[in-house]
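J.: Take a look at the letters that make up each chain.
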Amino acid sequence: MKQKSPALSRVFNGLVFLFLYLPIVVLIIFSFNDSKSRTVWSGFSFHWYTELFHDDEILSAFSTTLTVSVLASVIATILGTAAAIGFFSMKRRPRHLLMTINNIPMTNADIITGVSLMLLFVFTGNLLGFSLGFGTLLVAHITFNIPYVILAVMPKLRQLDPNLGEAALDLGATPWQAFWKVLMPELRPGIFNGLLIAFTLSIDDFVISYFTAGSEVSTLAMQIYAMTRKRISPEVNALSTILFLTVLILLIIVNLREVRQQQAKDRQLRALHKDAAK
Amino acid sequence: MKTKTPAIPYVVWMAIFVVIPLFLIVVYAFTNFDGHFTLENFSNIDVFLQVFGNSLWLAFIATVICLLIAYPFAYLLAQEGPIFRKVAMLFIMLPMWMNFLLRTYAWMSILENNGFLNQFLGLFGIAPLHLINTDGAVVLGMVYNFLPFMILPIFSVIEKLDNRYIEAAQDLGANRRDTFRRVIFPLSLPGVLSGVMMVFIPSISTFAISKLLGGGLSFLLGDLIEMQFLGSAYNPHLGSAISLMMLALVVIAMLIMNRFGDGEEGAVIM
Amino acid sequence: MKKITAICLALLMLLPLFACGQKEENVVNVYNWGEYIDESIFDDFEAQTGIRVNYNTFASNEMLYSTLKSGGSSYDVVIPSDYMIARMIDENMLLPLDFSQIPNMANMDAQYLHLEYDPQQLYTVPYMWGVTGIIYNTTMVDQPITSWMDLFNTDLTGQVLMFDNPRDAIGIALKALGYSFNTTNQEEISQAADLLIQQKEKGQVQAYVMDQIFDKMINNEAAIGTYYAGDYLTMSEENPDLAFCIPSEGANLFVDAMCVPTCCENYDNAMAFINFMCQNDIVLRNCDEIGYSTPSATALEEMDPEMAENPVAYPPADVLDTCEVYGGLPSSTLSFYDHEWIRICLAKVKVH
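Chains as they are written, first to last, in my numbering: chain S, 1 to 278; chain P, 1 to 270; chain R, 1 to 352.
Same shape as in the complex, but just chain S (with noise of 0.2 angstroms):
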């Protein structure tokens, strides 16, 4: 396709750019803020970073944010993969029916979704004598997490040669093997795709949350939130900091090794083309 005007397109882009991470900007240059003020800038300070590191509640509610994404990604993959597979033997009839229920949680809205969880927490929790906690959050966030799982799943499924399977096991393999061995490395971009979402959407997560934790968890969004109904820390902002500068460095190390692997599979591709002009 035939670049436009690349400079324009530079520009535009560059202004979205802008936009999306100016309040970023914004955050992390008042979290070294010396004075209270989010707003007005009083001198360089470290201050709010130790204040957040000796703040019990937000580590702890950081702590159970990870807890729960990981395990609920984790649990959310195994489960959602299965029932991927699971579904796609069915006909179409019983697999439509299925898909549109399983849509439910994705399309509905959060607060739908956290307000009816809620309900059946406390109902169920009567009559069984257990009140919102962590239970509850994690299954809360694994219910929302599989859809998107199966929908990640599902299109590598289809891609799948159908004989695959069927020559291993003709080949000796045993049922498991053969998922094991053959189908599983086909799946596997759309799996790690899968868990990578449900682990985004876990730790993004508030509204949720706010309906299904109860008292004795928190989830860093919900300190967060409870924090702007009253005096807003710059504590907040060191989080931020914190968060982003984390997440950038995870996603440069991811890239870096990916690039790097990308390099040694051209050298490899090349070294091949080599011997086989000779």
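Hints listed in this document are in silico derivations from the structure and should not be mistaken for laboratory results. Possibly wrong hints are sitting among the right ones.
[Unchecked claim] Coverage of chain R stretches by chain P, computed from C-beta distances (three or more under 8 angstroms per stretch; other residues unrestricted): (1) 61-72; (2) 201-207; (3) 212-221; (4) 342-349.
[Stated by the list, open to error] Once the Cα atoms are required to be at most 25 angstroms apart in a straight line, the calculated PhoX-like pairs of lysine-lysine come out as: (5) R:348 / S:230; (6) P:4 / S:265; (7) R:202 / R:348; (8) P:4 / S:91; (9) R:69 / S:230; (10) P:4 / S:181; (11) P:160 / P:86; (12) S:230 / S:36; (13) R:350 / R:202; (14) P:160 / S:265; (15) S:265 / S:181.
This one's a predicted model, so the numbers in the text were calculated from it and none came from an experiment. Ideal placement from N, C-alpha and C gives every residue a C-beta, glycine not left out.
Chain S is already provided as a structure; the job is to place chains P and R on it using the hints.
T.: This is chains P and R only, laid out in the frame that chain S set:
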């Protein structure tokens, strides 16, 4: 390998955690505090029509703005080289990894009367603009938070567009504008629809954005529902009734959009 | 093989339920107003008793009520205001206290006991009391402030902060119109709601806030607002331009008290915490931090005279006489309040 059993645990899970909760909402919507069947929760519709209208309007504006920004952005980006595209996509997604509330909170510091923006304008002698606690601030918050969700699907589709379609159109004599209008745009519709859904639905149901940037002056559907469950006017029956109405709205919106799409929109974001 | 897989998956699904069962050893779950305690006392409490404090905050009595009523939460100690306590006792949401575990109750001034909300003093131990009033920035407000009506008659646009809860907001409008805080007359309540709606439509209101008012008043974001006397003292420490006024029609005199909801799971820890909060040194630290007034007679004796004689924190008797306490309201009035509150929330600025 055809086997249905791996799906059984999830089917059970869905029954318990997706179907039954929705059933509970229906039950709550049609009962009152005494447990009797009643339609009274639906009787104050006129009051809620106002909230519905307001939320619909703001969500609509936010979605349109997102579309107007995201489509050109995705289209222009798709024409860049592969490494640039990949890096750009990562930087679009990066804010999504910081929490949604942090992103909204960031705008508070900018939009306040003595906030960053007004201080900046003050340097040029412009009087402070009253920006925060307005509908505009809420729409801005929606656009900011959900723009990546509009960019990703559109970009994903345009990037994967088969170049041969475009070449064929050009071979058949179409100029650049016609090529866009009659080949590229229609083919990109699944991405557009996916993006629209992923912006419209969260926008219509948010309450955190309206609480942080609206200051109680921008009262949306999400605020109304939250108020009935954990907020200042406890009535889960009324809240369930309103949730049910919002659910109906979402279903109608989806049905309308499904007429234009082919049902595979969700897969577009992968 | 398939069966084993299915069983494994089923067990995996049950994993979260095990997490449900895990309870923290020796903790007390406290639910209090925001900015209403000196949080450093939690370490002292843990050192003294070995009990960890899990502390959460709410923004208004109504929010506390919703959280407790919707179930699923398990707070051990909550600190609502008088009228909400009356409502909760009425609806059997509180457990009676075991005063044998709260010897420090003896420190309390008798005039704060056996009040209308808990006449037999079975369910509560008073925590703090205070009055509401108008807080304004003297550099941004020209007119003299003496009446609740000044919030509604002001020329300022986008500068007024109002209470973000139905009882306080409608109450102020009722007082401005000359009615009682506790009226059950729906006509009067409607008029009050209309006044608030007009205030919004004229563009006078900047926001409906609770604790967000701190940042706004301190940073000169808003010119005038209404909140609690103790918070004014905290704010004026950081922004000396602020002034406080108890309006002529009379403000709200409130008592916040510690009580134990029925969902409590650590009753003895709750008793220990309540008793701890009544210790003189803890009372003084809390008062110092939040600026509110203590009902503890012994603590008042030990208090720094500058604080104990502060007319904002401890107004003279004639001023207190003009103030009215919120009483309980019948449930029909309460649902009418909810209905009017939604009407108020829906109001928007009318562009002319």
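J.: Now tell me if each hint is right for this structure.
T.: Okay, the hints, checked on the actual structure:
With 7 residues having a Cβ less than 8 angstroms from any Cβ of chain P, the stretch 61-72 of chain R passes the three-residue criterion, so the hint holds. With a cut-off of 8 angstroms between beta carbons, the stretch 201-207 of chain R has 3 residues touching chain P; three or more are needed, and the interface restraint holds. For the stretch 212-221 of chain R, the stated coverage by chain P is satisfied: 4 residues place a CB nearer than 8 angstroms to a CB of that chain, which reaches the threshold of 3. Here the stretch 342-349 of chain R counts 6 residues with a CB under 8 angstroms from a CB of chain P, which clears the bar of 3, and the coverage holds.
With a CA separation close to 24 angstroms, the supplied pair residue 348 of chain R and residue 230 of chain S stays within the 25 angstroms bound. For the hint linking residue 4 of chain P to residue 265 of chain S, the alpha-carbon distance of about 38 angstroms lies beyond 25 angstroms, and the restraint is violated. Straight-line distance between C-alpha atoms of residue 202 of chain R and residue 348 of chain R comes to about 9 angstroms, which keeps the hinted pair within the 25 angstroms bound. Between residue 4 of chain P and residue 91 of chain S the alpha-carbon distance is near 10 angstroms, which keeps this suggested pair within the 25 angstroms criterion.
Taking the CA atoms of residue 69 of chain R and residue 230 of chain S, the gap is about 23 angstroms. The hint holds against a cut of 25 angstroms. For the hint linking residue 4 of chain P to residue 181 of chain S, the alpha-carbon distance of about 20 angstroms falls within 25 angstroms, and the restraint holds. Only pairs whose Cα atoms come within 25 angstroms are accepted, and residue 160 of chain P paired with residue 86 of chain P is accepted, the gap being roughly 13 angstroms. A distance of roughly 14 angstroms separates the Cα atoms of residue 230 of chain S and residue 36 of chain S; the hinted pair therefore holds under the 25 angstroms criterion.
As the CA atoms of residue 350 of chain R and residue 202 of chain R are separated by approximately 7 angstroms, the hinted pair is consistent with the 25 angstroms bound. Pair hint residue 160 of chain P plus residue 265 of chain S holds up; C-alpha atoms about 23 angstroms apart against a cutoff of 25 angstroms. Proximity of residue 265 of chain S to residue 181 of chain S is assessed by CA-CA distance (about 23 angstroms); at most 25 angstroms being required, the pair is judged to hold.
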